[in-house]
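Chains as they are written, first to last, in this note's numbering: chain A, 5 to 359; chain B, 176 to 392.
Treat the hints loosely; a few may be bogus.
Unchecked claim - If the Cβ cut is set under 10 Å, some of the chain B residues that face chain A in the computed set are:
no., residue
1, 206
2, 212
3, 296
4, 300
Worth flagging that the hints you see were computed from the coordinates, not collected in a lab. Just so you know, these numbers come straight off a predicted model, no measurement behind them. Note that CB positions come from ideal geometry on N, CA and C, so glycine has one too.
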Amino acid sequence: MKIIQLAPTLNYGDAIGNDILALNKLMINKGYNTGIYAENISDKLKHKAYNINKINHLKSDDIIIYHLSIGTNLNFQLPKYKCKKIVIYHNITPPEFFSTYDINSYNKCKLGLEGVKFLSDKVDYCLTDSEFNKQDLINMGYNMKIDVLPILIPFEDYDQPPNVNLINKYNDNFVNILFTGRVVPNKKFEDIISIFYYYKKYINKNSRLIFVGSYDQNDAYYKRLSTFINKLNLSDVIFTGHINFKDILSYYHLADVFVCMSEHEGFCVPLVEAMYFDIPIIAYDSCAVSETLGNSGIVIQNKNYIEAAELINMLITNLELKNKVIASQKQRLRYFSRHNIEDKFIKYINEFINK
Amino acid sequence: MNIKTNEILDIEEIMTEIRKSIKLRQYQEMPIKFENIDVITNEKNLIYDQNKLLTYIHNVNSHHHIYAYRTIYSRKGLLGKIIIFIKKVLRKSIKFYIEPIVSDQNKFNFEVVNSINEIRNFILDKNDNNDNLNLKISKLELKLNKSVEKTINQLIEDDKKVTPQISDIIDQLDYISNTLKKQTDENLYLKNKIKLLNISYEILEKEIALLKNKLGE
Numbered sequence: 005m006k007i008i009q010l011a012p013t014l015n016y017g018d019a020i021g022n023d024i025l026a027l028n029k030l031m032i033n034k035g036y037n038t039g040i041y042a043e044n045i046s047d048k049l050k051h052k053a054y055n056i057n058k059i060n061h062l063k064s065d066d067i068i069i070y071h072l073s074i075g076t077n078l079n080f081q082l083p084k085y086k087c088k089k090i091v092i093y094h095n096i097t098p099p100e101f102f103s104t105y106d107i108n109s110y111n112k113c114k115l116g117l118e119g120v121k122f123l124s125d126k127v128d129y130c131l132t133d134s135e136f137n138k139q140d141l142i143n144m145g146y147n148m149k150i151d152v153l154p155i156l157i158p159f160e161d162y163d164q165p166p167n168v169n170l171i172n173k174y175n176d177n178f179v180n181i182l183f184t185g186r187v188v189p190n191k192k193f194e195d196i197i198s199i200f201y202y203y204k205k206y207i208n209k210n211s212r213l214i215f216v217g218s219y220d221q222n223d224a225y226y227k228r229l230s231t232f233i234n235k236l237n238l239s240d241v242i243f244t245g246h247i248n249f250k251d252i253l254s255y256y257h258l259a260d261v262f263v264c265m266s267e268h269e270g271f272c273v274p275l276v277e278a279m280y281f282d283i284p285i286i287a288y289d290s291c292a293v294s295e296t297l298g299n300s301g302i303v304i305q306n307k308n309y310i311e312a313a314e315l316i317n318m319l320i321t322n323l324e325l326k327n328k329v330i331a332s333q334k335q336r337l338r339y340f341s342r343h344n345i346e347d348k349f350i351k352y353i354n355e356f357i358n359k
Numbered sequence: 176m177n178i179k180t181n182e183i184l185d186i187e188e189i190m191t192e193i194r195k196s197i198k199l200r201q202y203q204e205m206p207i208k209f210e211n212i213d214v215i216t217n218e219k220n221l222i223y224d225q226n227k228l229l230t231y232i233h234n235v236n237s238h239h240h241i242y243a244y245r246t247i248y249s250r251k252g253l254l255g256k257i258i259i260f261i262k263k264v265l266r267k268s269i270k271f272y273i274e275p276i277v278s279d280q281n282k283f284n285f286e287v288v289n290s291i292n293e294i295r296n297f298i299l300d301k302n303d304n305n306d307n308l309n310l311k312i313s314k315l316e317l318k319l320n321k322s323v324e325k326t327i328n329q330l331i332e333d334d335k336k337v338t339p340q341i342s343d344i345i346d347q348l349d350y351i352s353n354t355l356k357k358q359t360d361e362n363l364y365l366k367n368k369i370k371l372l373n374i375s376y377e378i379l380e381k382e383i384a385l386l387k388n389k390l391g392e
C-alpha cells in the first residue's frame with residue numbers, strides 16, 4: 005500500500021511546503037511506502053519530490069493525501085486517481101480581498117473555492133489545520149469524517165544560528181515590531197502601519213517596523229502600502245522581501261513585539277513561530293487566529309490603532325505583563341509540539357487505513 | 176478597543192492604563208487614511224463595480240465647483256485679527272489673478288463632469304441593452320433546448336418502435352441466410368454426387384464398349 009502526498013506546488017520555505025516535507029519524513033520513519041508529487045517543484049526541492057506525471061498506477065487501497073490550498077485545475081483532476089483520497093485543507097483566501105488589486109489573484113481564489121466545493125463528495129476523509137478550516141469544509145457540503153491536525157512545524161530548524169551580521173545591524177535601542185507573512189491584502193498590513201504610525205510619532209520614535217515576507221514591487225497592494233508610508237512620512241519601515249531562513253531567524257531574534265492584524269488566516273504559522281521565540285503577540289481576532297493562539301497572547305476584537313499602539317508600549321515597558329503573555333504562549337506552544345502533531349497524524353492515518 | 180477575555184490577564188486594568196496614557200498624549204488624527212490612497216493598477220487588473228462608479232460620479236457632480244473665496248479665520252485672539260486683516264488685503268490684491276483662473280477651472284470641470292455624466296448614461300444604456308439581449312438569448316436558448324429535447328424524445332420513441340422491426344428483419348435475414356447456406360451445402364452434395372455418377376457412367380460406358388468389342392469378336 006502506498007501513501008503519497010500530492011500538491012499543486014511544492015515551494016521552498018513556505019508553511020505548506022514545510023508541512024509536506026515534515027509529513028513525508030514522518031511517514032518514511034514509520035515505514036510507509038511514500039513520496040511527494042507536485043505539478044510545480046521549486047529548484048531547491050527537486051531532489052525531494054517527483055513531478056506529478058511520474059505517479060505510477062495506483063491501486064484501490066493506495067492513498068493520496070492531497071494538499072488543497074490554491075486555485076488550480078489539479079483540484080478538478082483528483083477524482084481520476086482510482087484510489088483512496090484524503091484532503092488536507094489549508095484554506096483558500098476569499099477572492100474579495102483581491103477584487104480591488106489583482107483580477108488574476110481574484111480569479112485564482114475563486115477557482116480555488118470552486119475546486120473545494122467540487123471535491124466535497126469525491127474524497128474519503130479530510131484533515132484541516134484548524135477548527136475554522138473544518139467548519140469551512142462543512143459549510144461547503146463536506147459530510148465525511150474531518151479531523152483537525154495543526155501544521156507540523158519543524159521547531160528544531162529554528163535552533164539554527166541566525167545571521168549575526170543582521171542582528172548586529174538592528175540590535176540597537178530601537179523597539180522592533182515584527183510581522184511575518186506575504187504582502188497580500190487579507191493580511192492587512194495597512195493596519196499594522198497605522199498602529200506603528202501612532203506608536204512611533206507619539207510614544208517611541210526609536211522604533212522600527214519589520215515586515216518579513218515576499219512581495220512584488222509592481223503589485224498594486226504593495227504600491228498602495230508604499231504610498232501610504234510615504235504620505236505619512238513614516239521612516240524605519242522595512243519590507244525584507246523573500247529572504248533566506250537564517251535572516252528570518254535573525255528578525256525573530258530581534259523582535260520585541262509581534263503584531264498581526266490579518267483578516268483571513270487558516271492557521272497562521274508565524275504566530276506559532278513568534279511563540280517559539282518568546283515574542284509577545286498582539287493579534288486581531290479573526291478566522292483561525294484566536295484558535296491558534298488559544299488562551300495566549302493578547303487578542304483584540306476591534307482595531308483601534310491608538311489603543312493598539314499603547315498596548316505595544318505596555319508590553320515593552322511592563323515587564324510583568326510581558327512575562328505573563330510569554331508564559332501563556334509557552335504553555336500554548338506545547339500543543340504544537342512535533343511529537344503531539346506526529347502522534348495525531350499517525351493515529352488518524354491508521355484509523356483511516358483500518359476502517 | 177475590546178480585548179478578548181483571558182484568564183491570565185486583567186483586561187480591565189490594561190484598558191484603564193491605556194485610556195490614562197491616551198489622555199496624556201493628546202493624539203491627533205492621522206493626516207491620511209489608507210482608504211484614501213489611490214490604487215494604482217494595470218487597466219485589466221480591476222473588476223468593474225458599477226455601484227462604485229455611480230457613487231464616484233455622484234460625488235464628482237456634487238463637488239466639481241470650486242470657490243475662489245474661502246472664509247478666513249484665526250483662533251489666535253488679537254493677533255488673529257491682524258492676521259485675518261493681512262490675509263484679506265492679500266486676497267484682494269491677487270483677486271484679479273485668481274478669479275479668472277478659478278472661473279476657467281470651473282468651466283473645465285463643468286465640461287468634464289458633463290462628459291462623465293454622458294459616459295455614465297451611455298454605460299447604463301448599454302447595460303440595459305445587454306440585459307435585454309441576455310434575456311432574449313436566455314429565452315431562445317430555453318426554446319432551443321426544449322425543441323432539441325422534444326426531437327430527441329421523438330427519436331427515442333421512434334427508435335423504440337423501429338428497433339423490434341429491425342430485430343425481426345435481422346432474424347428473418349438470419350433465417351434466409353441459414354436456409355441459403357443449407358441449400359448451398361445440398362447443392363454441393365448433389366454436384367459431387369452427379370460428378371461421381373458421371374464418373375461411374377463413364378466407367379460403365381467403357382466397360383460396355385469393351386464387352387461389345389469382346390462380343391463382336
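Hints, verified against the model:
1. Look at residue 206 of chain B: its Cβ gets to within about 7 Å of chain A, closer than 10 Å, so that hint holds up.
2. With its C-beta approaching chain A no nearer than about 5 Å, residue 212 of chain B sits inside the 10 Å limit, and its interface hint holds.
3. Of the supplied interface hints, the one on residue 296 of chain B is violated, with its beta-carbon coming no nearer than about 25 Å to a beta-carbon of chain A, more than 10 Å.
4. Proximity of residue 300 of chain B to chain A is violated relative to the hint, the smallest CB-CB distance being about 25 Å (cut-off 10 Å).
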